[in-house]
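Undergrad: Protein chains in written order, with the numbering used here: chain A, 1 to 226; chain B, 227 to 492.
These are computed hints drawn from the structure, not numbers from a lab.
From the three backbone atoms N, C-alpha and C, an ideal C-beta is built for every residue, glycine too.
It is possible that part of the hints are untrue.
Straight line, CA to CA, 27 Å or less: simulated BS3-like cross-link-like pairs of lysine-lysine [unchecked claim]: (1) A:K103 / A:K198; (2) B:K452 / A:K192; (3) B:K452 / A:K92; (4) B:K237 / B:K337; (5) A:K103 / B:K242.
Computed far set for chain B versus chain A, every beta-carbon distance over 10 Å [as the list claims (entries may be wrong)]: (6) R247; (7) V253; (8) P255; (9) D264; (10) N269; (11) M295; (12) Q304; (13) I350; (14) T357; (15) A358; (16) A366; (17) A379; (18) P415; (19) P419; (20) T441; (21) K452.
Per the computed footprint, the stretches of chain A lying under chain B, defined by three or more beta-carbons under 8 Å from a beta-carbon of chain B, are [claimed, not checked]: (22) 86-96; (23) 104-111; (24) 189-198.
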Amino acid sequence: MSPAAAGTRERVRFFDATIVKKAVMAITGIILFAFVVGHLLGNLQVFLGPARINAYAAFLKSNLEVLWFVRTVLLVSVLAHIIVTIQLAGLKAKARPVGYVKKQNPHTSVASRSMYYSGPMIAAFVIYHLLDLTIGAGHPHFAEGEVYANLVYGFQQIPVSIAYIVAIGLLCLHLNHGIYSLFQTLGWAHPKYMPRIKRAATVISILLFLGYISIPVSVMAGVIHL
Amino acid sequence: MNLILHVWRQKNASEKGRMERYEANDVNPDMSFLEMMDVVNENLITQGSEPIAFEHDCREGICGSCGFMINGIAHGPQRGTTVCQLHMRHFKDGDELYLEPWRARAFPVIKDLVVDRGAFDRIISAGGYITAHTGSAPDANALPVPKTDADRAMDAAACIGCGACVAACPNASAALFTGAKISHLGLLPQGQPERSRRALAMVAQYNRELFGSCTNIGECEAVCPKEIRIEVISRMNRDYLKAAWKDRSALRDDQAETEPKAGGRR
Ligand code: FES
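Same shape as in the complex, but just chain A (with noise of 0.2 Å):
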């Protein structure tokens, strides 16, 4: 008999439960999610003009306290979304000790198959981008405030443009499964509308990646310029 065998038979405690790591992943997925968007609609001001981003700008920093209160949210999200993964990637390896000589998985996503991958270099490539972006080191131009300009100098060069759009087709790879898969994991699901949930996924993660990288492109065609 296994030691699970042994009649013990008291409750996992609720964090301890695998279903409920997976919806802390879910939840703190979808704050993920809500910020990827409300900054790609800050971004794409861009486009407005100088005066118009600049300005966006000084009012997210004009109330602190509203400012850190989303700071602290998004930070304690990211670390969240990421000890639970870690944790779940511990049991994965433990769940399974002697592996197949040959396996199949014909039925897993590339997006699915890439979370472990895609998930720690987003997490490298957002503290890049506060570092350059937000804090300013390591950037040619950096002037505090002067977003419109710190963003023309930094996509200019053609180095970081790329870095920025591979960075966000990972970041869109995992949007992909990520948005279907928080509604199959808090339950959500229902077989008439989860394929229809999956397309939408697809086409989410798409319109974001062509928003995100409408930006990097538009600069290095010169159509954003100082």
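Take the given structure of chain A and dock chain B with the ligand to it, following the hints.
TA: Leaving out everything else, chain B with the ligand in the frame of chain A:
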């Protein structure tokens, strides 16, 4: 047709196993996969070697005993089919087939292709039942059940507990099995009184058996011989989250009433 088989051979639970190569010659395409294995075993026995152990019982796809990996796919390449119902006409002359047991920590290998699926039994005994009076059966239509609920419950109830979902899952998760059992009863009026308790107890047991956690990939539903949909996992998640949230503080001690501690009096 002639086939080459690479089969996992392992004497017992403690011995380390290995893949071994066998030839299956003159295979009749009308045979089932297990019949082909029977012939291979006959030859092994006449040669005085140990036959390949595999589990089987009904051989008509309803008992859930059989099952192993064929070239990395649980129950082989045919969708919605158990290995006992898989026919050799789906293979062609010269095919090389890798036969391996289900792989999961919760399913230790007993011998060759046979694994111990006792973890599933323990999940069922944790809550996969309803409490009802036995004796004379109630009148069939005394309790109305909406047709769609009856159909969905029936779809979930088709689960034969073969373990293919665990074997196919990249996380070795038993979410499809547990979800099917929870949905099957949770969709019916008879399952309502114990619905929360059932979700809590069965999921707790599934976690205790150290199955992995579901990542909503869908490999399980693709290999399920009864074609159970991952919708059942979502139902399980919903039932569990609802029940666990309502029951946060009582999570550790309320089992005492139904299951006396060892040494206690009934
Ligand atoms: S032997 Fe019963 S399902 Fe295959």
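Undergrad: A separate judgement is required for each hint: does it hold in the structure or not?
TA: Now for the hints, and whether the structure bears them out:
Under the criterion of a C-alpha separation no larger than 27 Å, the hint pairing K103 (chain A) with K198 (chain A) is consistent with the structure, at around 25 Å. The hinted pair formed by K452 (chain B) and K192 (chain A) meets the criterion: a straight-line CA distance of about 19 Å does not exceed 27 Å. In summary, the hint linking K452 (chain B) to K92 (chain A) is supported, as the alpha carbons are separated by about 25 Å, within the 27 Å threshold. Distance check on the hinted pair: K237 (chain B) and K337 (chain B) sit about 5 Å apart at the alpha-carbon level, within 27 Å; holds.
Between the alpha carbons of K103 (chain A) and K242 (chain B) the distance comes to roughly 20 Å, so the proposed pair stays at or under 27 Å and holds. The non-interface label for R247 (chain B) is consistent with chain A: the shortest C-beta to C-beta separation is roughly 12 Å, beyond 10 Å. For V253 (chain B), the shortest C-beta to C-beta distance to chain A comes to about 20 Å, beyond the 10 Å cut-off, and the non-interface label holds. At roughly 23 Å, the least C-beta separation between P255 (chain B) and chain A is larger than 10 Å, which holds for a residue marked as non-interface.
The claim that D264 (chain B) is not at the interface with chain A holds, since no C-beta of that chain comes within 10 Å of its own (minimum 23 Å). Non-interface status of N269 (chain B) relative to chain A is upheld: no Cβ of that chain comes within 10 Å, the nearest being about 23 Å off. A Cβ of chain A approaches the Cβ of M295 (chain B) within 10 Å, the least distance being about 6 Å, so the stated non-interface status is violated. In this structure Q304 (chain B) is separated from chain A by more than 10 Å, as the shortest Cβ-Cβ distance comes to about 13 Å.
No beta-carbon of chain A comes within 10 Å of the beta-carbon of I350 (chain B); the shortest separation is about 13 Å. Against chain A, the non-interface label of T357 (chain B) holds: every CB pair exceeds 10 Å, the least being about 16 Å. Once the 10 Å rule is applied to beta carbons, A358 (chain B) is consistent with being away from chain A; the minimum gap is 22 Å. Residue-level check passed: A366 (chain B) sits 28 Å from the nearest beta carbon of chain A, beyond 10 Å.
The claim that A379 (chain B) lies off the interface holds: its Cβ sits roughly 14 Å from the closest Cβ of chain A, which is beyond the 10 Å cut-off. No Cβ of chain A approaches the Cβ of P415 (chain B) within 10 Å, the least distance being about 20 Å, so the stated non-interface status holds. Non-interface call for P419 (chain B) relative to chain A: holds, since the shortest CB-CB distance, roughly 19 Å, exceeds 10 Å. Once the 10 Å rule is applied to beta carbons, T441 (chain B) is inconsistent with being away from chain A; the minimum gap is 7 Å.
With a least beta-carbon separation of about 15 Å from chain A, K452 (chain B) lies farther than 10 Å from that chain, consistent with its non-interface assignment. Only residues whose C-beta sits within less than 8 Å of a C-beta in chain B count toward coverage, and the region 86-96 of chain A has 6 of them, enough to reach three; the restraint holds. Check on the region 104-111 of chain A: 6 of its residues sit with their Cβ under 8 Å from a Cβ of chain B, so the three-residue criterion for coverage holds. Chain B is given as covering the region 189-198 of chain A, and this holds because 4 residues of the stretch bring a CB closer than 8 Å to a CB of that chain, at least three being needed.
Hint violations for this structure: numbers 11 and 20, all remaining hints satisfied.
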